[in-house]
Amino acid sequence: MQVLSVIGYLILAPLAGGLLDGIDRIISARMQRRKGPPLLQPFYDIGKLFSKEVIAVNNVQMLLNLSYLVFLAIAGSMLFAGKDILMCLFILSTADMFLIMGASSDSSPYANLGAGREMIQMMAYEPLTLIVAVGFYLSSGSFQVSDIIGQQYSSVLFMPGMLLGFMFTAAIKFRKSPFDLSTSHHAHQEMVKGLTTEMSGPTLAIMNIAEYYEMILILGIFCLFFLNGNWWSWPLAIAACAVIFFLETLWDNASARLKWKTLLDSCWVITLLFGGVNLLILMLLK
Amino acid sequence: MGLIPVLIGVPAVFAVLLSFIRQEKARGVVVYVGAGSVMVLSLAFVASWIQNGSMIEKVYVNTEMVDHLMMVGEAFLMGLIVVLSIKYKRFFAALLSVAQTSLLFYVELTTDLPEAEHMLVDRLALLMCVIVAFVGGFICIYAVGYMKGYHHHHKEFKDRQPFFFSMLFFFLAAMFGLVLSLNLIWMYFFWEITSVISFLLIGYTRTEEAVRNSFTALWMNLLGGLGFAAGIAIMAFTIHSVQMSDLVLWGAPLPVACLCLAGLTKSAQLPFSSWLLGAMVAPTPSSALLHSATMVKAGVYLLIRLAPALNDTIVGLMVSLIGGFTFIAASMMAIAQNDGKKVLAFSTISNLGLIVACAGIGVEETVWGAVLLMIFHSVSKSMLFQSVGATENCLGSRDIEDMHGMLLRLPKLTYIMGIGIAGMYLAPFGMLISKWVALRAFVDSENVLLVIFIAFGSATTMFYWTKWLSKLISQHHARDNVTDVTRRDEYLSMFVHAGCMLLLCLLFPLLSTNLVDPIMLELFGYARPVLSMEVLNTMAIMLVSVGIVPLSMFFVSKAAHKQLVPIYMSGVNEGDDRYFVNSLGEPEHLYLSNWYLRYQFGMRRLMRPSIYFSAAILVVIFCLILGGAV
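Residue numbers (the working numbering), protein chains in the order written: chain A, 1 to 286; chain F, 1001 to 1630.
Hints were generated in silico from the structure; no laboratory data involved.
Mixed in with the good hints there might be a few duds.
In silico contact screen, one side only, chain F against chain A (beta carbon under 8 Å); selected entries [to be verified]:
#	residue
1	Gln-1023
2	Lys-1025
3	Phe-1091
4	Val-1451
5	Ala-1459
6	Met-1462
7	Ile-1473
8	Pro-1550
9	Tyr-1568
10	Met-1569
11	His-1589
12	Leu-1590
13	Leu-1592
14	Tyr-1596
Below, simulated DSS-like cross-link-like pairs (lysine-lysine); rule was C-alpha separation at most 25 Å, straight line [unchecked claim]:
#	chain 1	residue 1	chain 2	residue 2
15	F	Lys-1158	F	Lys-1058
16	A	Lys-193	A	Lys-286
17	A	Lys-52	F	Lys-1562
18	A	Lys-286	A	Lys-176
19	F	Lys-1148	F	Lys-1025
20	A	Lys-52	F	Lys-1087
21	F	Lys-1558	A	Lys-48
22	F	Lys-1087	F	Lys-1158
23	F	Lys-1158	F	Lys-1089
24	A	Lys-48	F	Lys-1148
25	F	Lys-1025	A	Lys-193
26	A	Lys-259	A	Lys-52
Only a predicted model underlies this, so the values are computations on that prediction, with no experimental measurement involved.
Glycine is no exception: its CB is placed at the ideal position from the N, C-alpha and C atoms.
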């Protein structure tokens, strides 16, 4: 079962991520009264990127991007294998670090700025992810994902504040406005393509695939909020994820990019207010 | 255990010897022999202990003569402090020294203490001995090469190397004494020696700044020493014993709090952090020694010993709050620093904060984490200090901004630095695992504040290390080449450290089950595995993958045929990735800087409030204890 779910994740996550990306583009386009690209456009894009000649600014960027991909896959596999969620989050940040290394390895001004902003984004969202993991531990008595999804009640009953906070900071991970500082899905921005400025062809494709893995991993964590021992919690969790994803798209289209200071302040305040208070109540309850 | 006096005596003898050797080559040989024999002795000590059945041993009951000698020693130290204080007109230190020494003499001369063992050999003490001998010993070896280069660069300082090396070895001797003492009066004696030696080492260059910082270090540590003496006095008058073990059993808040004060000052926790930051003025080997294997570890060692008495008490609350707060405050301030050594100093303070917080909670899991953190921190911090020192000798600067693209300029030093940095914060290296256990234990102890501290603190820790690492890894061809002037002694020490670090990470499961679990058994009387074997093995596999993944990806990406192009700079790239054409049509030099967020996280903004906050915790809790509220 564990093996199946890991293999499923490794194979299906990029596909699901690509599909979600396609849906996201269509919904965004409709919100802007455009028709939007076909649903499978992300896959065409990736195919095109892979068909291109490898042009690089140095010899290590590709290697660091590949490491980013592999570590994300490992982090996701840990989640889908039902292992320790805290370890999964730690590996997630290690993976992210490889992306930052990759971007700053080229010594290019725009990519470096993007890398710096990515670090700030990490610093902004990380406290809450740790607090969420602690929340799962308090509500289910274990850090093991398999125990968390096997409990009698859904965790969200104990940690609604954390869910709201996580929805807020997840915009960073989905690279959605107003938090798409380091790089954006939209071409026009103040620092070219930020983090990915110097990535092209297959290198960029690898980065995109990694992002799909990450997207599914984050949605997986959202699912954890809703899953419990009953079968009906699974469709519920998936429906909840769909709603959350739609809300993120809506927010993306409705807001403008923020400055890093506002990003950091708002994320930390939200973490303290929603995460911290929820944590306090949870500790008093348990 | 006949080896104890040898273990303390040999470095002391070498210290005396070194103070007379003026010839450079001879000194090098003596240092190598000295450091080597200290390491061999510590191993022999461990081996003989294992041969005797690996039991906790308490030794030396009748020690009247040594006691008297120690009194003479204490009087000498006091005299030294008083003379130097008068010379430099800083009387506060003299006042503190006189107060505590007379308090202790009064206790020793008036109270009648029953005879008891003075020294204790158990696993924790042995572990400390090995850390001190090896990390300390290699730092001494590193110093041989470093000090030559140092005085070559800094002609303005008087060459006082015989004194310097002598102090390094004395420091090792004092540390051995300290970790093996069971009797608090003995421990206090060695404690004072480390305070005074660190003061002398920080003041090595005798510049105005050095003198000022050395006196800061002195008065802060003496304040802790006063707490130590007060704790001893209370114990001696109330329960007529000065044994560490009796104190842990007794667990009265006031004496424990006094000793914890000593531990907090020595491990440079807020509000006493400024002495460790000031210690940067000294040559690198002494900072490495103070920060990694000795001095600050003496503080956390004392706290770990006291940990069973701290569980669920108000003193434990004080210690863990101060530790947790120091963890986050220091890691925030580290963000705003661009001086490599300053970043290391803040990270030392911050990591020690975590260890202190673990000790303050005082349950088995946290102390397990604390001991492991201590091991990993000593090795990687010592390595980082040495590599920054060596880099400074090569580049003429220890500014992280100047380390841009160091991977291409000084590859060997960069790899060492990289391993050190990765060991400090990346999954799944040891530090992180210990942090993970600490987090779980904080949750179990239901301390919301600590959980929040650790959540935010690890984010800020991540930030300052990552930006340093990304600076190192930049593929930037600098205009001028640098020659690696690092000497062989320095590389020997650094390579051994790097090897140790990797080995420690790989053997983590063994380290945990064979060393740390038994230490818990000795401290708490029971032990259950804190992490299951399965988790530990996952860890080891992860570690291998951290090595293997980038390596295999290296071959994968190497196989790909690729065309190298210059970077995009908005203006036309002049072709060398260094200059671009600006709007006036002239070449403009590109300069990339890290993020420091000085306004948000600068010392100027955060230091004062954090000192006030932590001092308030100390004062309030001491008032509560003195007022009899607990």
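Tested hints:
Restraint check, Gln-1023/F versus chain A: the minimum CB separation of about 47 Å is more than 8 Å; hint violated. Nearest Cβ of chain A to the Cβ of Lys-1025/F: about 42 Å, over the 8 Å cut. The hint is violated. For the restraint placing Phe-1091/F at the interface with chain A, the shortest Cβ-Cβ distance is roughly 45 Å, beyond the 8 Å limit, so the hint is violated. Interface restraint check for Val-1451/F: the shortest CB-CB distance to chain A comes to about 6 Å, inside 8 Å, so the restraint holds.
Interface hint at Ala-1459/F: satisfied, since its Cβ lies 4 Å from the closest Cβ of chain A, which is below the 8 Å cut-off. About 6 Å separates the beta-carbon of Met-1462/F from the nearest beta-carbon of chain A, less than 8 Å, and the hint is met. Look at Ile-1473/F: its Cβ gets to within about 5 Å of chain A, closer than 8 Å, so that hint holds up. A hinted interface residue such as Pro-1550/F counts as satisfied when its beta carbon comes closer than 8 Å to some beta carbon of chain A; here the least separation is about 5 Å, so the hint holds.
The criterion of a C-beta within 8 Å of any C-beta in chain A is met by Tyr-1568/F, whose closest approach is roughly 6 Å, and the hint holds. Annotation: Met-1569/F was flagged as interfacial toward chain A, and the flag holds, the nearest CB pair being 6 Å apart, inside 8 Å. Given the 8 Å rule on beta carbons, the hint for His-1589/F is violated: about 12 Å separates it from the nearest Cβ of chain A. For the restraint placing Leu-1590/F at the interface with chain A, the shortest Cβ-Cβ distance is roughly 6 Å, inside the 8 Å limit, so the hint holds.
Proximity of Leu-1592/F to chain A holds as hinted, the smallest CB-CB distance being about 5 Å (cut-off 8 Å). For Tyr-1596/F, the interface hint is violated, since its Cβ never comes within 8 Å of a Cβ in chain A; the closest pair sits about 10 Å apart. For a cut-off of 25 Å, the pair hint linking Lys-1158/F to Lys-1058/F is broken: about 45 Å separates their Cα positions. Taking the CA atoms of Lys-193/A and Lys-286/A, the gap is near 47 Å; set against the 25 Å cutoff, the hint is violated.
The straight-line distance between the Cα atoms of Lys-52/A and Lys-1562/F is roughly 11 Å, inside the 25 Å bound, and the hint therefore holds. Between Lys-286/A and Lys-176/A the alpha-carbon distance is near 35 Å, which puts this suggested pair outside the 25 Å criterion. Taken as a hint, the Lys-1148/F and Lys-1025/F pair is honoured in the structure, with Cα atoms around 11 Å apart against an allowance of 25 Å. Distance check on the hinted pair: Lys-52/A and Lys-1087/F sit about 75 Å apart at the alpha-carbon level, beyond 25 Å; violated.
A distance of roughly 22 Å separates the Cα atoms of Lys-1558/F and Lys-48/A; the hinted pair therefore holds under the 25 Å criterion. Annotation: proposed proximity of Lys-1087/F to Lys-1158/F holds, straight-line Cα distance about 19 Å (limit 25 Å). For the proposed pair Lys-1158/F and Lys-1089/F, the alpha carbon gap of about 22 Å is at most 25 Å, so the pair holds. Pair hint Lys-48/A plus Lys-1148/F does not hold up; C-alpha atoms about 59 Å apart against a cutoff of 25 Å.
Distance check on the hinted pair: Lys-1025/F and Lys-193/A sit about 57 Å apart at the alpha-carbon level, beyond 25 Å; violated. Note on Lys-259/A and Lys-52/A: the hinted pairing is violated, with a Cα-Cα distance of about 35 Å set against a maximum of 25 Å.
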